[in-house]
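Chemist: Listed here are the chains, written in short residue letters.
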Amino acid sequence: MLKLNDVNITFNKGTVNERKALCEMNLHINKGDFVTVIGSNGAGKSTLMNAVCGSYEVDSGHILLAGKDVTRLREHQRAKYIGRLFQDPLKGTAPNMTIEENLGLAYGRGKKRTLAFGISKRDINVFREKLASLGLGLEDRMKTPVGLLSGGQRQALTLMMATIVTPSLLLLDEHTAALDPKTAGKVLEITNRIVKENNITTLMITHNIQNALEYGNRTLVLSQGKLLMDIEGERRENMTTEDLMKLYADSTDDVMSDKMILKS
Amino acid sequence: MPFLFLFKKGIIMDKSKRINKNKVISFIPKLILVVVLLLIINLKLTQTQVYGALELGLIYSILALGIFISLRILDIPDLTVDGSFTLGVAVSVIFAYNGHPFIGIVAAIAAGAISGIVTGALQTKLNVQPILAGIITLTALYSINLHIMDGNPNISLWKKETIFTYFQGKLPEGVPYKIIVAAGILLIAVVFIYWFLNTQLGMAIRATGDNEYMVRASSINSDRMKIIGFAIANGFVALSGGVIAQYQSYGDANGGTGMLVAGAASIIIGEVFFGKHTIVSCILSSVVGAIAYRFILSFAISIGMEAMDFKLFSAIIVALAICVPTIKKMATRTYRRMKDKGGNASA
Numbered sequence: 001m002l003k004l005n006d007v008n009i010t011f012n013k014g015t016v017n018e019r020k021a022l023c024e025m026n027l028h029i030n031k032g033d034f035v036t037v038i039g040s041n042g043a044g045k046s047t048l049m050n051a052v053c054g055s056y057e058v059d060s061g062h063i064l065l066a067g068k069d070v071t072r073l074r075e076h077q078r079a080k081y082i083g084r085l086f087q088d089p090l091k092g093t094a095p096n097m098t099i100e101e102n103l104g105l106a107y108g109r110g111k112k113r114t115l116a117f118g119i120s121k122r123d124i125n126v127f128r129e130k131l132a133s134l135g136l137g138l139e140d141r142m143k144t145p146v147g148l149l150s151g152g153q154r155q156a157l158t159l160m161m162a163t164i165v166t167p168s169l170l171l172l173d174e175h176t177a178a179l180d181p182k183t184a185g186k187v188l189e190i191t192n193r194i195v196k197e198n199n200i201t202t203l204m205i206t207h208n209i210q211n212a213l214e215y216g217n218r219t220l221v222l223s224q225g226k227l228l229m230d231i232e233g234e235r236r237e238n239m240t241t242e243d244l245m246k247l248y249a250d251s252t253d254d255v256m257s258d259k260m261i262l263k264s
Numbered sequence: 001m002p003f004l005f006l007f008k009k010g011i012i013m014d015k016s017k018r019i020n021k022n023k024v025i026s027f028i029p030k031l032i033l034v035v036v037l038l039l040i041i042n043l044k045l046t047q048t049q050v051y052g053a054l055e056l057g058l059i060y061s062i063l064a065l066g067i068f069i070s071l072r073i074l075d076i077p078d079l080t081v082d083g084s085f086t087l088g089v090a091v092s093v094i095f096a097y098n099g100h101p102f103i104g105i106v107a108a109i110a111a112g113a114i115s116g117i118v119t120g121a122l123q124t125k126l127n128v129q130p131i132l133a134g135i136i137t138l139t140a141l142y143s144i145n146l147h148i149m150d151g152n153p154n155i156s157l158w159k160k161e162t163i164f165t166y167f168q169g170k171l172p173e174g175v176p177y178k179i180i181v182a183a184g185i186l187l188i189a190v191v192f193i194y195w196f197l198n199t200q201l202g203m204a205i206r207a208t209g210d211n212e213y214m215v216r217a218s219s220i221n222s223d224r225m226k227i228i229g230f231a232i233a234n235g236f237v238a239l240s241g242g243v244i245a246q247y248q249s250y251g252d253a254n255g256g257t258g259m260l261v262a263g264a265a266s267i268i269i270g271e272v273f274f275g276k277h278t279i280v281s282c283i284l285s286s287v288v289g290a291i292a293y294r295f296i297l298s299f300a301i302s303i304g305m306e307a308m309d310f311k312l313f314s315a316i317i318v319a320l321a322i323c324v325p326t327i328k329k330m331a332t333r334t335y336r337r338m339k340d341k342g343g344n345a346s347a
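Chains as they are written, first to last, in this note's numbering: chain A, 1 to 264; chain B, 1 to 347.
Keep in mind that a hint or two might mislead.
Simulated DEER-style distance windows between Cβ atoms [what the hints assert, rightly or not]:
1. A:G110 x B:F310: 48 to 58 angstroms
2. B:N98 x A:T15: 54 to 64 angstroms
3. B:V175 x A:D88: 52 to 62 angstroms
4. A:R19 x B:V106: 54 to 64 angstroms
5. A:V16 x B:Q129: 19 to 29 angstroms
6. B:A110 x A:G110: 30 to 40 angstroms
7. A:N41 x B:Q129: 26 to 36 angstroms
8. A:G67 x B:L132: 36 to 46 angstroms
9. B:A319 x A:S133: 46 to 56 angstroms
10. B:V50 x A:D88: 47 to 57 angstroms
11. A:E139 x B:V175: 49 to 59 angstroms
12. A:E214 x B:G275: 43 to 53 angstroms
To be clear, the hints were calculated from the coordinates, so they are not data collected in a lab. Even glycine gets a Cβ: it sits at the ideal position worked out from N, Cα and C.
From just these sequences and the hints, can you work out the full model?
Modeler: Here is the structure:
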């Protein structure tokens with residue numbers, strides 16, 4: 001499904017601040033995989049996502065999505081196949097537009113934007129049904145500007161928007177990190193349900209080790225722009241957070257970030 | 001305002017209706033504005049002046065709609081406006097001078113759209129800063145406009161047919177044909193803009209000004225959306241210029257200076273009445289604001305302001321309107337500080 005072949009990204013090349021963010025990264029993700037990604041700050045998690053979705057251009061190497069080389073495609077061209085959630089709930093929605101308008105925009109993913117009306121009656125029924133399935137009462141507030149919603153509601157809506165046209169790949173970049181624990185749990189539950197229901201290939205970055213093991217079927221550990229560990233199958237099922245942290249501490253000099261320790 | 005204390009002491013407002021208090025208070029400036037405008041119209045202006053202000057207001061509404069697209073929807077103050085307005089004037093005047101007033105209007109729109117595309121492309125494809133991109137196009141347009149006008153800084157359409165004289169001949173005697181023509185064009189413009197902003201493309205453009213990340217993540221080319229937005233915005237601006245030129249039967253190569261600020265002032269005045277929450281209220285704000293602005297100018301002239309002070313006037317309106325929130329904050333802080341001091345002293 002998603003393949004990375006020898007992908008390199010270096011920031012500030014040729015200066016004192018040169019930093020290899022991704023170093024000869026090779027990765028193969030199968031269709032239907034729900035992969036969680038962990039690693040300390042600066043390990044290259046977000047860079048990996050940004051490379052896949054096209055926000056950063058890779059220096060060398062290739063990225064293949066569903067057999068197609070997307071390395072040199074621009075962000076909005078790749079967005080036809082990729083649904084995406086940001087850490088910042090404000091980034092995923094247009095605040096001055098209503099809920100239905102936001103969904104209408106997302107509903108056109110991969111299609112050409114024409115001079116047809118943005119939202120049809122039939123669309124609205126689809127949106128209402130989908131929103132009702134979130135269980136947040138948003139289906140009765142379709143004409144409300146999104147800017148008036150809470151962070152959790154906006155993130156849930158963004159999730160809906162990212163998956164309303166089923167994407168080939170769903171990228172979640174710590175999408176619950178800015179939410180309070182209770183809301184974060186709820187958004188994660190919704191995420192898990194939508195991913196399972198539609199069998200979407202998903203890559204989820206998290207700082208929470210427990211979540212990393214609890215959700216999905218495979219866990220990647222990144223360190224200094226390299227793939228440190230790739231845990232799946234039975235080994236992953238029997239693994240506890242303590243095991244994982246110990247394993248991590250043994251194989252790298254990186255200090256686990258406080259955030260990770262606190263949350264685990 | 002002496003009657004404000006009535007609200008504070010709850011003499012007028014029932015406590016149970018306190019939620020509406022804010023609404024009532026925000027209603028006051030609107031009321032004052034309306035009353036002042038009506039007074040101006042009744043007391044100070046002759047019928048000719050009222051008609052003149054209304055005609056100009058209707059035509060400048062189109063300008064305000066164009067500026068609304070760049071300033072409010074794309075959220076970028078687009079300085080191209082000062083040049084594309086004159087571009088519309090130049091194109092329209094040249095065609096009308098040669099006997100094609102209607103083609104002149106259409107050509108003005110097209111020329112304006114092209115200038116918008118240039119600004120948009122500079123900003124998105126070549127990463128020029130938004131304001132600078134506008135200034136570059138504006139500066140280039142100075143020369144281009146003069147070239148279009150064949151080197152004459154002004155051209156008169158004296159005794160030439162314009163869209164206004166054309167309809168004057170078609171309509172019965174005594175009908176205010178200038179208002180009808182201007183209102184007709186404005187109506188088409190308003191219907192177009194309302195329809196367009198609700199299409200898929202229009203929604204994508206609105207979202208681009210609102211949140212570019214989200215737009216790109218929804219597989220929309222945000223660069224293209226900006227370019228289309230600028231094209232339409234400047235098409236409107238040039239249309240306004242083209243109509244003004246034929247209305248005045250006169251084209252001036254310096255006529256566009258300060259149009260961005262004048263348009264922004266109109267929009268800000270309109271937003272006092274209608275706010276900027278929905279597309280309808282934004283369109284109403286632009287149109288009503290532009291008309292109100294012309295009446296305010298007519299009034300200012302009737303009490304002795306000179307035409308050369310217009311630009312100063314609109315600059316002050318815009319600066320004030322933008323500063324109001326900050327001034328309010330400063331005033332509140334000073335008030336609190338004084339209150340705290342007073343409290344300490346008495347304690």
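Chemist: Provide an ascending list of the numbers of those earlier hints which the structure does not satisfy.
Modeler: Nothing - there is no hint that the structure violates, so all of them hold.
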